[in-house]
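One letter stands for each residue in the lines below.
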Amino acid sequence: MKSKNKILVQNSITYGLVILCWILAEVLIRTGNMSSLMKGLLVPLCIYVILAVSLNLTVGILGELSLGHAGFMCVGAFSGAFFTKVMETVIPSVGLRFFLALLIGAAVAGIFGILIGIPVLRLKGDYLAIVTLAFGEIIKNLINVMYVGKDSTGFHFSTKDTLSLGLDESGVVLIKGAQGITGTPKAATFTIGVLLVLLTLFIVLNLINSRTGRAIMSIRDNRIAAESIGINITKYKLMAFAISAALAGVAGVLYAHNLSSLAATPKSFGYNMSIMILVFVVLGGLGNIRGSIIAAVVLTMLPELLRGLNDYRMLIYAVVLIVMMIFNSSPKAIEMRAVFMEKLRKNRKSTTKEAA
Amino acid sequence: MAMLDVRNIGISFGGLKAVDDFSVAIEKGQLYGLIGPNGAGKTTVFNLLTGVYKPDNGSIQLDGRNLTGKSTIEINKAGIARTFQNIRLFKELSVLDNVKAGLHNYYSYSAVTGILRLPKYHKVEREMNERAMELLKVFDLDKEWDYKASNLPYGKQRKLEIARALATDPKLLLLDEPAAGMNPNETAELMDTIRFVRDEFDMTILLIEHDMKLVSGICEKLTVLNFGQVLTQGETSEVLNDKRVITAYLGE
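So the sequences go chain by chain: A and B.
If you count the first sequence from 1, position 296 lands on 380 in the working numbering, and the numbers rise without skipping.
If you count the second sequence from 1, position 67 lands on 252 in the working numbering, and the numbers rise without skipping.
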């Protein structure tokens with residue numbers, strides 16, 4: 085079928101784009117042309133791309149506005165980091181621990197996705213957005229007051245302070261409330277990040293172009309009609325929401341293993357983060373996976389690239405954001421783009437005809 | 186025994202009896218019409234039959250199977266498919282994907298199979314494509330298969346909705362004002378299509394329609410609804426000449 089090939093080509097372009105970026109970055113690093121500041125941005129870049137692509141599954145493909153994405157990232161980050169910390173002596177290999185932590189982070193975040201999804205997915209639109217926002221904040225704040233320690237008798241848990249854990253002399257505090265988890269190995273590299281981006285793309289793109297994806301998108305387009313042809317609304321809504329949450333969990337684990345200490349600060353897991361990811365998704369185009377990637381990369385790099393302009397950089401960032409939004413979603417702009425593309429196509433056709 | 190056997194169903198919305206004591210028996214292969222003035226409760230009957238609303242009382246049986254109070258999904262699986270008065274297509278999906286969505290429960294593989302692109306995915310997708318294209322061909326939509334559904338002209342959108350409903354392999358097809366917004370030529374063509382669907386798919390069809398030309402042209406039996414109650418039912422020609430029906434439509 086022709087459409088199948090078209091999708092294949094489109095997907096290949098998306099994968100190719102990511103691989104190209106990876107090669108470019110590697111070349112710049114190897115030849116010593118990348119500032120250390122930029123180098124420090126590479127893993128966060130991968131994290132943002134994974135978050136944006138996974139949120140697009142909820143917002144663009146399922147069509148439900150979620151503002152709690154950072155909450156799922158937070159769950160993944162802490163469960164992954166906690167695992168790495170606990171297994172420090174059991175599994176000495178950092179790589180293997182990181183790999184298992186990724187699986188655990190994804191699984192725990194996915195389960196949270198289901199648990200939160202069951203009550204909140206009954207809501208729609210703005211209501212759902214507010215409730216997911218609240219859940220994201222609850223998760224962050226709960227982790228902020230959580231103290232977990234381990235000694236010879238097993239695990240201890242408290243919501244007060246380290247002392248109330250009542251550890252004996254062999255005890256270690258694993259999660260220290262607002263200070264979070266310290267001493268996680270810095271196992272995340274840019275290459276691993278890119279591999280995880282590719283994995284995320286593989287899961288999301290293949291899901292969209294399958295029976296499941298069709299069911300999810302049919303719910304988005306018309307819930308009543310979807311039900312009338314026998315599609316289980318609750319099941320597919322939950323599935324999309326949980327997969328989206330699990331992938332955010334993966335981004336969280338990557339985040340946790342990119343820093344030596346992990347704390348649930350408002351900056352890293354607060355609603356600001358959720359909204360920033362939503363900006364990537366909306367700017368890149370709802371349902372447009374490649375757009376999410378490009379938006380995440382451009383908007384993350386921009387403040388750094390403009391650092392030389394100092395006072396003006398956030399102003400330029402805002403202006404670029406507004407211009408891009410208009411270019412992407414104003415009806416007039418879309419019309420102009422369509423006309424432009426049509427011209428381009430005609431030109432290409434005529435040149436190929438001449439060549440033939 | 187009748188294929189669809191509806192007995193004394195009714196529903197009230199806050200004291201208003203939208204449908205009251207509605208009964209109908211439709212034989213296999215019949216083309217049955219449900220008519221009545223605006224607000225008579227015709228679409229409510231459809232919503233009751235498809236489980237969108239649960240009837241307060243009465244029973245619905247399809248082929249001897251009790252469907253009273255079942256969910257929309259269960260009812261669709263049991264064999265009732267419908268179209269909508271205000272077209273409800275999956276606008277952003279392609280024409281082909283709209284029909285493939287209708288095949289959802291009959292050509293199945295898991296989400297994991299889909300993500301990992303296992304051999305079963307390719308096999309089932311190929312079968313789905315073939316079946317969907319067959320259905321599109323019936324409605325002369327096969328050339329537009331990769332159009333976005335919302336880009337189809339109005340008449341074709343109506344046809345696509347019927348194709349999607351048929352994809353769920355129903356025993357009974359409910360059409361809610363299929364000719365609404367169509368010009369006389371399109372209506373004539375639609376009448377042929379409905380007849381063709383009945384013969385080709387061996388389908389039983391219940392339709393709501395205001396276009397009397399269409400009703401008298403293709404319906405074998407009619408039920409007239411007025412203020413939520415059955416005014417009369419019987420052979421099309423008899424019903425349409427009934428004084429009470431004319432009064433209901435035109436007033437005294």
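Any given hint could turn out to be false.
Taking lysine to aspartate or glutamate and the DMTMM-like style, the derived pairs with C-alpha atoms no more than 20 Å apart in a straight line are [stated by the list, open to error]:
#, chain 1, residue 1, chain 2, residue 2
1, B, Lys-262, B, Asp-354
2, A, Lys-90, B, Glu-310
3, A, Lys-90, B, Glu-212
4, A, Lys-90, B, Asp-331
5, B, Lys-341, A, Asp-305
6, B, Lys-333, A, Glu-419
7, A, Lys-319, B, Glu-259
8, A, Lys-90, B, Glu-259
Note that these hints are calculated values from the structure, not bench results.
Since we're looking at a predicted model, the values are computed, not measured.
* List, from low to high, the hint numbers that the structure doesn't satisfy. => 3, 8
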